[in-house]
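Colleague: Can you build the whole structure from these sequences, using the hints too?
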Amino acid sequence: MNEPIYAYDEVSDTLAITIVPGEKATGIELTDHIILHINKVERRLVRITLLDYSLLVRQTEYGPCTFPLTGLNASSAEIRDLVLDLLRDTPGKDILRIAAYTSDDGHIVPIVFVQPVFAQAAP
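Counting in numbering that gives the first Met the number 0, the sequence shown runs from 0 upward without gaps.
Some clues are possibly wrong.
To be verified - In silico BS3-like links for lysine-lysine, alpha-carbon gap of 27 angstroms or less:
1) K92 with K39
2) K39 with K23
3) K92 with K23
Stated by the list, open to error - Estimated spans, in silico, between C-beta atoms of each pair:
4) Y100 with K23: 29 to 37 angstroms
5) H106 with E77: 21 to 29 angstroms
6) A98 with G21: 15 to 23 angstroms
7) V108 with S75: 15 to 23 angstroms
8) E60 with D80: 19 to 27 angstroms
9) G105 with S11: 19 to 27 angstroms
Simulated from the structure, these hints should not be mistaken for lab results. Everything numeric in this text was worked out from a predicted model, so none of it was measured. Note that beta-carbon positions come from the ideal geometry of N, C-alpha and C, so glycine has one too.
Modeller: So, in structure tokens, the structure goes:
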């Protein structure tokens, strides 16, 4: 597999990471800022679009910012399972890390944080 291609747009603070150039894909909105583009037939990750990249990779005193995978709520179980499988495997797991938040009532919410894979210019 080739190395991912990184394209950062400073004006919009958007990072597009292409894994399979030129391949048609279906976009799955994981959060308001993270879009996964997948080939459903080949079960392959094609591209990841990170909107407001600097927000996504922001560090806090407690560690990286995490975001709930709210976009998966409207997806079918088949798509949810495919997305989670792709995020658990390379190259997905090298860019996006998934975890779970458990509330006091035992409800489990899948969350994601973005690995800082692209160094931005200092403001």
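Colleague: Using the beta carbons of H106 and E77, state whether their distance is inside 21 to 29 angstroms or not.
Modeller: 23 angstroms, holds
Colleague: I want to verify a distance hint. Is the separation of the beta carbons of V108 and S75 within 15 to 23 angstroms?
Modeller: 19 angstroms, holds
Colleague: Check whether the Cα positions of K92 and K23 lie no farther apart than 27 angstroms.
Modeller: 21 angstroms, holds
Colleague: Are the Cα atoms of K92 and K39 separated by 27 angstroms or less?
Modeller: Roughly 18 angstroms between the alpha carbons, so the hint for K92 and K39 holds.
Colleague: For a C-alpha distance cap of 27 angstroms, please report whether K39 and K23 respect it.
Modeller: Holds, at about 10 angstroms.
Colleague: Starting from the range 29 to 37 angstroms, see whether the pair Y100 and K23 falls in it by beta-carbon distance.
Modeller: 34 angstroms, holds
Colleague: Taking the CB of G105 and the CB of S11, does the distance hold inside 19 to 27 angstroms?
Modeller: Because 39 angstroms falls outside the window, the suggested range is violated.
Colleague: Holds or violated: the 15 to 23 angstroms window for the beta-carbon distance between A98 and G21?
Modeller: 32 angstroms, violated
Colleague: Regarding E60 and D80, is the given constraint of 19 to 27 angstroms on their beta-carbon distance met?
Modeller: Between E60 and D80, where Cβ atoms are some 35 angstroms apart, the hint is violated.
Consistency note: the structure conflicts with the earlier hints numbered 6, 8, 9.
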